[in-house]
Structures are given as structure tokens and as C-alpha cells.
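If you're matching them up, the sequences are chains S and R in order.
Position one of the first sequence corresponds to residue 1 (the numbering used here), numbered consecutively onward.
Position one of the second sequence corresponds to residue 1 (the numbering used here), numbered consecutively onward.
One or more hints might be untrue.
Claimed, not checked - Below 27 Å or equal to it, Euclidean Cα-Cα: the simulated BS3-like pairs (lysine-lysine) are: (1) S:K42 / R:K393; (2) S:K68 / R:K114; (3) S:K22 / S:K10; (4) S:K68 / R:K115; (5) S:K33 / R:K382; (6) R:K347 / S:K92; (7) S:K22 / R:K347; (8) R:K306 / R:K416.
Said to hold, decoys possible - Label-pair restraints from in silico Cβ distances: (9) S:P51 / R:K298: 28 to 34 Å; (10) S:R63 / R:Q389: 27 to 33 Å; (11) R:F140 / S:P97: 43 to 49 Å; (12) R:N7 / S:P51: 45 to 51 Å; (13) S:E29 / R:E56: 48 to 54 Å; (14) S:D47 / R:K489: 53 to 59 Å; (15) R:N7 / S:D45: 52 to 58 Å.
Derived by calculation from the structure, the hints in this document are not laboratory data.
Glycine included, each C-beta is placed from N, C-alpha and C at the ideal position.
What follows is each chain in one-letter form.
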Amino acid sequence: MGISIDEVKKIAHLAKLELPEKVAQTYTEELSKILDYFASLKEVDTDNVQPTFHPFTWDTPMREDEVKPFEDIQAILANAPELLENMIVVPKVVKAP
Amino acid sequence: MNSLNLNRLTIKRALELLDEGKISSVELTQACLERIKKIDPEVKAYLYVNEEWALEQARLADEKRKAGEHGKLLGIPLAIKDNILIKGHPTTCASKILQNYIAPYDATVIRKLKKEGAVFLGKTNLDEFAMGSSTENSAFFPTKNPWDLERVPGGSSGGSAVAVACRMGLGALGSDTGGSIRQPACFCGVVGMKPTYSLVSRFGLVAFASSLDQIGPFALNIEDTALLLKVISGHDPYDSTSAPREVPSFTQILQENANTKFRVGIPKEYFEHELHPEVAKNIEEMISLLKRLGHEVKEVSLPHTKYAISVYYIIAPAEAASNLARYDGVKYGLRVEGKSLIEMYKKSRAEGFGREVKRRVMLGTYALSAGYYDAFYLKASKVRTLIKQDFLKAFEEVDLILTPVSPTPAFKLGEKTSDPLQMYLSDIFTIPVNLAGLPGLSLPSGFTRESLPLGVQVIGPHFRDDLVLSLGYQIEKELDLETIPPIVKAL
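Chain R with its partners taken away, still in its complex shape (with noise of 0.2 Å):
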């Protein structure tokens, strides 16, 4: 057990020791369950946690192993963010019209992810239904940041994100629409990736809007990011969105790829934004170290980024009023008795769905409904072409795109509840990449003169997640960053 210091034990570190016999799943999920008994109760990063499920999966993880068995994460402790379904287990959304769902299926992503050994810890915490870029939407309670308890985790995967970076977990799901998984990532001071769209199977997935939905992983480095997303990519017959392609092993490319010189691309519009003073000197620091490192750095232009916002705030919204139709209380959720079955359905809805929520099904009815479609959502939809082939064009000349993740650091709670529009713009530098469905990856760069965590963003052309992991594998190794929150490291 001397060997077992979760502060800085990577997945790839505890396959070893697993493997070396050094520890048992069971010691290393006791390690993070009793992690999370501590430190949890400061962050509230889980909805959920199961700890004698979570230690008969160690159990069956450990007798696997005696068996000979390998799988690729066998026995490692993961979190998931509850939008994503296990069988038999809650998932809520941080919605109280989800509540009481208990899912009676797998999502792909956790049928994989079993195939391989992991052990689900439980179920953490996010805006409603995805809904946010704060945590601070979650019906239940606020996610809080590990690095200063006043300020927010970014959403809206934040308990995923807060479960890394305090080790309650060694790595987790989370799912990523404008911004959700490297947000949080970039505020919390851990990898968080978002695939290209497409490549991650979604079935299992609480839809909010599907044509810019995406699940991927957060991890403590890029290795473990690779080795999750290798893990839970892949064609699905059952998502009739994913790509029929096969999924090259991220693990290794990084290997092959870690001297490989980029095109980087440095988009002139990202800076015309107001961006935080120190965010500002990160990516300048960052955009020296890639020219040391050999890398060819370029301005590129991305002309329409201004439009991103409205575009998303139509897109998203109309998307997520036609996905949220469902909950109606009939089949399942929450139920208000009316006195018709339109009754029932407007008192269940107004009642189960929060304040946010309840906006953005407005705003996206509003957007699809007669009168205003060609103003509101078919404009959008073409503003949207244009963003993408701004991309499109961009990586004819660039192999990647480093950016800002945010264009501040963690904000405090309560600081843009009060303004949406506010909370909308936190997004701008996120938002494109699912609007053109790319990958972009979220990593550590930096910290603020008051220790809260900086990130950068790598961003790739369609299906080449390999590129972006690659380059980001550089930067981690040359930046070689502590990223351990004090509350953590006071333990």
C-alpha cells in the first residue's frame, strides 16, 4: 500500500502496479472512495456514489486478473457524469424531472468501458440536462472548484472535472456540447477532450442537442486521455450518427508523433475578444514554447467566430426543445397530476425542469416556430456553414489550432447566474469546434498569480484526434505542470 499515492497516479502507472501485483483493485478503489468520503463533502463533485457496487467490481476485477485476463482497464476507478446510463443506477441529469430514473440499459460508452475492467465509482454532478457552463444549474447543488471553494468548476461536466482533479477517480466520462468537457477541464487544471463528432457513440447518452453532442474523457495527462478514448470510440449500429471508420491506437501514435513537427495555427479573431490578462499571457507564453519546440506558428483567420455564440444559442436551444419533448411524464420522470393530459404534461414539465432549462426549451420553440424558422434557425443553420468551412479553409494551410479554452479563469459562484447572455459568452472560444463538429482538446498551461489553473486548446481537422493528442503530448512534457489543488495536497 506504500506505493499507492493517489496525488500522482496516472491510470497508466496503476495498470502497472496492478499488474505488478503491487495493489489490488479493491485497495485502489478503498483509496478513492475514502478520498472522496473526505474531500467530496468540500467539492460535492458526485450525485452518486455506490460504494459496495463499486468494490464488487473491484473484487470481480482483481479475480480476473489472478484468471490472466488484460483488459485495458482493468480495475482502474472511473467517475461518470449522470447524463450517461448504467444499468441498473441512477441517472438524473441534475434534473428533478430524472430524479428517480434508474437506467435499464448501458450506454455503449459503459458496455465498453466494462468489456475493459473499469470500475464505476458513481455518478457526478452537472448543469441540468448539460445545460450550463457553471455546475451552479444542477437541481441538486453547486459543484465547487478544488482550487478556490468560491469560484465555480466550469460546467457543464464540473463534477467529472473536480473528480480527477482531486483523485476521486483516476479518470471520468464527461460529455461536451459547447464547451462542457474542456471548460471544466481548463478551470480545474486537468486534460479534458472533446472528439470529433461522430467518432464517440452517443446511445446511452441523455440527448441535448444532436448534432453537436459528444462524450469524451478527462484524465490527469494525455497518455490516460488517449488510452480512455481509445477505449470508447468506435462505430455503433446503435447510433446511427457514428462514424463506420477504425479507431487507430491514440497510445502509440503519441510515441511516434513526440518529435513530429506542426503547422500551428493562431486564429487573429480570438484575440479581438476581450480576453483576461493573464489568459492573454499564458497563450503568449504558449505560442513561444511551440516555436522552441520547432513547431511553424501562423496567424490564420476564422472570419465568422463572432456569429458562434448566436448560432449556438439558436442551434443548441432548438435541438434541445424537440430532445426534451419527451419528458411529458408519461413513460417515465416526474408526474403532476392535471386535470387533462395537456394539463398533466405543462404541470410536469413546469415543475420537473429548472429555470435555464426551461429558457432554452422557450428559446429553441421560439426559434423553430412558424414565422421565425428562416429568421432564427435556417440563418443560424447557414451562419453555421460558413463557420465550419472558416475551418475548413484554415487547415489548408495549419495541421492544428491552439487557442484559449476560456477567456478567463474559474469565475466566482454566483458572479453570472444572474445574466445568461453573461454565462453565454464564457463559451466563445469552445463553441465553434462542436458547431463544425472537430476535435479539441483542453490541457493545462499555466496558473494565475492566484494559483487557479490556465488552459490551452488544440484544435484538429475531422478524425485526426491522433494530431491534437499529439501535440498536446508535447506541450505537457515540456511544461511538465504540478497540478495538484491545495486542498488535495493539504490531505
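Excised from the complex, chain S in its bound form (with noise of 0.2 Å):
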């Protein structure tokens, strides 16, 4: 099976993760290996088998949609890396027309 080192250089730009040519290689031979360990699964029938993504099977719980004001909003904002008064400030998203 394996995996390329575009296939890697593209995964890390879905995964928002900078990656430097000299890893892109280390991780292509690393996941190759880990990937080539999963093949295994494909000797499994699982044609009528449902797929489990939680250990329980219970209806989601339904609440009341109610406001409740959190206590100490100044104890989040103080993990925010730049502020402007009470606002986070991030690089500009917009291009200027």
C-alpha cells in the first residue's frame, strides 16, 4: 500500500501543519509502514456489519436551548495570545479592494 510524499505534503496541508521537505520524507516512510500494518482489516468481512462510532447506542439528549452566562470571561481572554480591549485579534482575512 504505502503513501507518497505528495500524498503526505498534501495530508499536511488539509491538517494545517507547516512541514519542512526534509520531514515530509521521514514521515512518508513512517506512515507507509503504519498504513502497510492496517492492510490487515481488509481480510475481515464486514458486508453486513454496521459501523460503531460510540460504545453505546442512546438517542442524543435533548435539552432546553437556554442561555447560561458563563462566570469569568476575563479568565478566557487572558489565554488569548494578542487582544484589543475584549476582542482577539488575528491576522487580516480579508484582501483590501
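Build the complex: two chains, separate frames, hints provided.
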């Protein structure tokens, strides 16, 4: 099976990870080895098997959509890398016209 | 103070001494802090210890006791894995990306422990984001096994296991996604329990793989484990996966079941795996012990066991890739500036995450990506169903299942770090339990010739945590092992 270095670069982009060329090579080798190990799953017959996404299958619990104020907003803002008053600053996302 | 021999002090005994007024929580907490000062530079279990804060909580506990209050853990000093939030204190997940993060609220388990008067000594080391089996993936430093400083303590909750083994805390909390409580408990000679999925709220536990993660206790014996489990269990509206069920008094059930005879299954597939000869010998001894105690031991089959590692290392990374998308340098955590928002994301994540975390995020992203979803994630989720059904079928014939915890005793530091797959394979006996959502208990069951701890795992049906603990209690009583690491005994 395996995975190519181009696929590794594509995956890194999807996962939003900067990936230097040298590291991409290492990941390609490591991930190929792990994916090869997964190949044994192919031998299992799962034609009539439902997938398990959660250990128990009960209904999604419903609740009223009530507003509950968080008691310490400052503690949340204090973790932000950059603040302007009570707003979190990020690089510009829209280009000037 | 003469009565304060930390090496033999259980939570139950400490509570008696506190109630009789023979010791105070301040003295007890002070003793743990002194122990930390002496031993922790050698074993490095803690990422964060806050003496002033710990003593302040202890003073408060002593005042409450004087005022006639009786919390279930009033004045008991505990260690908490550093992926569980305690308001106002750091939660790093042993990751550079959360190095400066201060928790803005309490996890539900912390709220429950506070309500019962527990004292927090600090936060313990782990594999970054709980991804690993040796605590070597911590971004800060590896933790060492107190039985042999050249060996790993197991992981990912290595710090919590070592804190309890060295009596640097009377109990601890960890989290277990594929064995992260049970394997380090086994490697360090303490008791560790992964409760049934959904018994304990994960609100305030930093998410790794949400369909597998569960918080659980570490302690020196089963009674203390049962007490801690009772305190942290129960329905929580803040965790929509938490079970709306009554939680029984586990400590009481231990006594009621002290002589109950169980039908115990031994899964034959676990013996087809390559076992360390001393692990194999020990499990045979445990089987003889069960028979001697009058339990009915029979072979059961879990035919899909051999696929568990593959299933787990597709599902857990897939869920992790989604859960860890939140670390983008925007709202909290490390930010590395970039020319654009996307570049900022990529640089922050590349700089903030360690190798294993990145490897798993990549693996998970791949398994979920267009063209591979059916072959990997969906296929793994179907095989997961078969693994779960194996257990459900086995539990039609037996009450409990007994297995080794790990195929080997604690391995050497550095032994498996260069080969991720070898590291993954060390969790073969614990992973299926998470995939099926079952309760699993790891308890000390002997030692190798080199004096490394060995452990057995008791697995039960969903929500039969009480039975799992009950059999563990019977085994523990019969073995009556002394589990004090040499480094601690030498003090």
C-alpha cells in the first residue's frame, strides 16, 4: 500500500501543519509502515456489519436552549495570544479591494 | 506525627487518622510535599507543584473538619494528570502549544473532588495530549519508573502512576484512551481503573479521542480506587455522553461481594500473542489463584483481537485530528505569526505540536480524507463493531474476563521511541476494552526476577465496574503484596 511524499504534503496542508521537505520524507516512511500494518483489516468480512462510532447507541440527549452566562470571561480572554480591548486579534483575512 | 508512615498510608487509613485527630491535613499535605522534594527530582512525575496552594487547601480542610464537616475525601492530597482542568492553574497536556494555558474553569471531576474536600498537590506529566505509552512524548521531560530509573513508567498517565507509587500523593486521576491508566499502573505497581465509558464526565478533560477517552483513578489499593471512582462518577449535563444512571457505593459492594464466586473467562487469543515469559507465568499463577478461591475459570474466545491495534490507530487519530483542530493559535495557546491566517495556523501547529501528535494528526486526516474514508475510517468502525460483539458474546458465558495488562513488564527508556508501531503494539491487551467501552481494572499481581511490577487486568460488562472491583479486591486480599519501590523504601 504505502503513501507517496506528495500525498503526505497534501495531508499536511489539510491538517494545517507546516512541513519542511526533510520531515516530509520521514513521515512518508513512517506512515507507509503504519498503513501497511492496517492492510490486515481487508481480510475481515464486514459486508453486513454496521459501524460503531460510539460505544453505546442511545438517542442524542435533548435539552432546552437556555443562555447560561459564563462566570469568568476574563479568564478566557487572558489565554488569548493578542487582545484589543475585549476582542481577539488575528491576521487580516480579507484583502483590501 | 509518629503515626504518619506515608509508605503504608492508604486514603482510608488517612481519613481515619484525620477523623481521630491524630494528624491534620496540613501535616499530611506537608509530608507529601516533602516527599515530592526528595523523590521527584529523580522520577519527574510532576509538571507543576504549588506548595502554597496545596497548604491553603489543607488548612481549609482542617477548618471544615473542625466545624464538623465530613467530605468523603476531606483533607486528602491528590495528584491530577495535566490534561484535566483546575481553574486558575496551568493545564499544558505536556505540549508546547498549551505551555502558558491557565484553565478558566474546573473539570466536572475536579468540581466533585473539591466538593468532597480533596487537596490538589499539582499536575502530573503525560505523553503530549495523552498520545503515547511511555510518557516519553512529553514536550518537557520523560518520567522515570521508580522501580528502575532506566525504565519507562508507562503512559500516557505515567506521572500520575509514579506519583502514587512514590507516595507523592495518596491517589491520582488519569485518563485512559487505549490503556493510558492501566498500563502505567501495571508498570509502576499501583492500582488503576478505566471505568465504563460514560460513567465519568469528561467535561474539562482535554479531548483526545472522544469515543474512547475516559477519566479514572489511581490508588494504592482497590478500596481507595473504589472510593475515588464513586466520588468522580455520575451524570453531568455538561457532557452529553455521560450516562444518566445512579452510581452505586463501590466500597460497600466490595464487602458484600467479598466471597462471591464468579465465572471468569480467559480469552485464548491473548495467549497467541507473544508474551514475556514472566508475564505468561504470572497469568498462569493468577488463573490457579482464581480456581483456589473457588471461581469458575473457563476459556472464552475474542476472535477479532488481532485487529484491535489497527482499528484503534485509525479511529483514535481520526478523532484526534478533529479534536486538535482547535489548536490554531487564535483564541489560546501558542501563536507563531505568519503572513496570512493560514500561514499562522500552519506555523503555530508545526511549532506547538510534538512529533507523535503530528504523526497522529496526519494519520487521522489521511484516514478521514476523500478517497480513503471508506477503506480506513469506515472499515475500522465496522471491525470495531465485531470487537465489541466478541465481548458481548463472551459475557453471555462469564461474569468477568482476566488478562495480562501488557505483554511485557516496563521497557527501557528509548527502547521503542524510534519505532512508533512497536510502541503501539504494547497496548494490545488494553485497547480492545476502550473500543468496546467496557470497564477495565489493572492491579498488581507480582514481580519479575528483576523486581519489576507485573499486573493483571479484570474486564467486565458495561456498567459492571462494581464486579470488576470486587474480583480485584479478592485477588488483592489473597496476594497481599508489598508494593513499595526501592527508591522510596530507602528513604
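The hints, checked one at a time:
At most 27 Å may separate the alpha-carbon atoms for a hinted pair to count; S:K42 and R:K393 meet this at roughly 23 Å. Between S:K68 and R:K114 the CA atoms are separated by roughly 22 Å; this keeps the pair inside 27 Å, and the hint holds. Taking the CA atoms of S:K22 and S:K10, the gap is near 15 Å; set against the 27 Å cutoff, the hint holds. For the given pair, S:K68 sits about 22 Å from R:K115 by alpha-carbon distance, which is consistent with the 27 Å threshold.
Distance restraint check for S:K33 and R:K382: the Cα-Cα separation of roughly 23 Å lies within the 27 Å cut-off, and the hinted pair is therefore satisfied. Straight-line distance between C-alpha atoms of R:K347 and S:K92 comes to about 16 Å, which keeps the hinted pair within the 27 Å bound. Of the pairs offered as hints, the one joining S:K22 and R:K347 holds, with about 16 Å between alpha carbons and a cut-off of 27 Å not exceeded. In summary, the hint linking R:K306 to R:K416 is supported, as the alpha carbons are separated by about 20 Å, within the 27 Å threshold.
For S:P51 and R:K298, the hinted distance range of 28 to 34 Å is satisfied, since their beta carbons lie about 31 Å from each other. At about 32 Å, the beta-carbon gap between S:R63 and R:Q389 stays in the expected band of 27 to 33 Å. For R:F140 and S:P97, the Cβ-Cβ distance of about 47 Å falls inside the hinted range of 43 to 49 Å, so the restraint holds. At roughly 49 Å, the beta-carbon separation of R:N7 and S:P51 lies within the given 45 to 51 Å, and the hint holds.
A C-beta distance of roughly 52 Å is found between S:E29 and R:E56, which places it inside the suggested range of 48 to 54 Å. The hint said 53 to 59 Å for the Cβ distance between S:D47 and R:K489, and at roughly 58 Å that hint holds. Remark: the range hint 52 to 58 Å for R:N7 to S:D45 is upheld by a beta-carbon distance near 54 Å.
In this structure, none of the earlier numbered hints is contradicted; all agree with it.
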